[in-house]
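Engineer: Top to bottom, those sequences are chains A and B. For the first sequence, the tail end lands on 116 under UniProt numbering, and the numbers increase by one without skipping. For the second sequence, the tail end lands on 305 under UniProt numbering, and the numbers increase by one without skipping.
To be clear, the hints were calculated from the coordinates, so they are not data collected in a lab. Hints may be right or wrong, so weigh each one.
Stated by the list, open to error - Okay, derived cross-link-like pairs now, EDC-like style, lysine to aspartate or glutamate, Cα gap no bigger than 20 Å in a straight line:
1) B:LYS215 / A:ASP17
2) B:LYS125 / B:ASP253
3) B:LYS303 / B:GLU148
4) B:LYS286 / B:GLU149
5) A:LYS78 / B:ASP257
6) B:LYS215 / A:ASP24
7) A:LYS83 / B:ASP150
8) B:LYS191 / B:GLU122
9) A:LYS78 / B:ASP253
10) B:LYS139 / B:GLU212
11) B:LYS191 / B:GLU252
12) B:LYS232 / B:GLU298
13) A:LYS83 / B:ASP167
14) A:LYS78 / B:ASP167
15) B:LYS139 / A:ASP17
16) B:LYS303 / B:GLU116
17) B:LYS236 / B:ASP257
18) A:LYS83 / B:GLU290
19) A:LYS78 / B:GLU252
20) A:LYS52 / A:GLU82
21) A:LYS83 / B:ASP257
22) B:LYS175 / A:ASP101
23) A:LYS63 / A:ASP43
24) B:LYS246 / A:ASP17
25) B:LYS152 / B:GLU290
26) B:LYS144 / A:ASP43
Stated by the list, open to error - Now the stretches of chain A that chain B is said to cover, found in silico as 3 or more residues with beta-carbon under 8 Å:
27) 73 to 81
28) 102 to 111
Virtual Cβ for every residue (Gly too), placed ideally from N, Cα, C.
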Amino acid sequence: MGWLPWSSGDSKNAASDGGRIAPDRTSRARCWEGRDLFFACLDKNDILDGIKEDKKARQKCAKEVEEFEAACSQSWVKYFKEKRVMEHNRDKTIERIQKEDAAKVKELKSQGWGSK
Amino acid sequence: MPSPMRMAGLLSRATRNMTIEAAPASSTRIVPFLRNNASQCRAYTQQRPRCQQSMRSMIPAQNDFSTSAFRAKGPTMGQMRQRHTTGPFSWKAALLFVLTGAGMMVYFRVEKARLERKRMAEMSKGVGRPKVGGPFVLKDLDGKEFTEEDLKGKYSFVYFGFTHCPDICPDELDKMAEIIEKVKASTKDEKLFMPVFITCDPVRDTPEVLREYLKEFHPGIVGLTGTYEQVKNVCKQYRVYFSTPKDVKPGEDYLVDHSIYFYLMDPDNDFVECIGRQDTPESASKVILEHINDWKREGKPLKTV
Numbered sequence: 001m002g003w004l005p006w007s008s009g010d011s012k013n014a015a016s017d018g019g020r021i022a023p024d025r026t027s028r029a030r031c032w033e034g035r036d037l038f039f040a041c042l043d044k045n046d047i048l049d050g051i052k053e054d055k056k057a058r059q060k061c062a063k064e065v066e067e068f069e070a071a072c073s074q075s076w077v078k079y080f081k082e083k084r085v086m087e088h089n090r091d092k093t094i095e096r097i098q099k100e101d102a103a104k105v106k107e108l109k110s111q112g113w114g115s116k
Numbered sequence: 001m002p003s004p005m006r007m008a009g010l011l012s013r014a015t016r017n018m019t020i021e022a023a024p025a026s027s028t029r030i031v032p033f034l035r036n037n038a039s040q041c042r043a044y045t046q047q048r049p050r051c052q053q054s055m056r057s058m059i060p061a062q063n064d065f066s067t068s069a070f071r072a073k074g075p076t077m078g079q080m081r082q083r084h085t086t087g088p089f090s091w092k093a094a095l096l097f098v099l100t101g102a103g104m105m106v107y108f109r110v111e112k113a114r115l116e117r118k119r120m121a122e123m124s125k126g127v128g129r130p131k132v133g134g135p136f137v138l139k140d141l142d143g144k145e146f147t148e149e150d151l152k153g154k155y156s157f158v159y160f161g162f163t164h165c166p167d168i169c170p171d172e173l174d175k176m177a178e179i180i181e182k183v184k185a186s187t188k189d190e191k192l193f194m195p196v197f198i199t200c201d202p203v204r205d206t207p208e209v210l211r212e213y214l215k216e217f218h219p220g221i222v223g224l225t226g227t228y229e230q231v232k233n234v235c236k237q238y239r240v241y242f243s244t245p246k247d248v249k250p251g252e253d254y255l256v257d258h259s260i261y262f263y264l265m266d267p268d269n270d271f272v273e274c275i276g277r278q279d280t281p282e283s284a285s286k287v288i289l290e291h292i293n294d295w296k297r298e299g300k301p302l303k304t305v
């Protein structure tokens, strides 16, 4: 497993003082671009969770998933897939609460509350 | 000083009289009619006994010593009446009143905001306060020892992160760079603001790695790293959630959870304010500059080298 796509081994990523060189701005941008393309494909195919529905995702978005995983390290791939689900749930929850609130306000108004 | 309500009442009365008096001057034909009307009007509406008194005593005096008709002396009378009925309240007085009022309001607002900030800043001083920040030993990118003493004398802006951070840290560091530039521009580059990046992932983030990483964001950011124990300690001092795995194999790929706040610390190295994800570079630099200016205004010491 390569740390980054253009480096096959660990030697290139190890700093001379024993640290590990992090992705720079360019490789981050490349990774994010790969992620966005992959997620767009998931959206198109109505797939939410890239981990649970890994098989389906790989089938429908074979090219995108390959590029995404090549551009980002494994931990990032996992992180972004999880984040997508988490954000989706978060947005759903916010939406639900807003709807409930709106319904409650409507109900109270119909009962004559806050008519003034 | 009379109450504002009363002042406002008098002013409105003054302006009403002014409009009435303004008309006769422009047209001589309707002067008598208007003047009569105006004086009647005033006689009925006039509420202040002092002015009524003076008007009464003035009118007979005019008639006694004047050979011409009462109305012929109109303009002078009108002016005198106006002076008497409006008293010292002219448009100049009104303008002065409004300007003073507006000035006071602005001043009180500013002062109130300043005191509020001061109260917040001093909340973390003294005994028995929740403490953010404290003694630590780390090393900077040249391998030199760096402790909390090195932060004193300047406003420091501390961020915890790690170089292999997927998306939040890079965003926040770009924001940090913008904030640095804004503060630098407003303080005329006095070097009293020190942005600091402390890694939560010392195994991978050695000085060399950090230097390369931070260079991409802003050359002014001071990068700090240390041993696992040292970093754990500094995270504890700053109440930062620390979850770095202890024994990671070389080459292992992992992420680190960490808090994503900037900590603004004053020159005594006491915590002042948190800057979070919701802040824009504009709002953050505004907050920082307000604190820096408060500190300067109070004449407290600052290191500018």
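Engineer: Against which earlier hints does the structure fall short, listed by number upward?
Structural biologist: 2, 4, 7, 8, 11, 12, 16, 18, 22, 26 and 28
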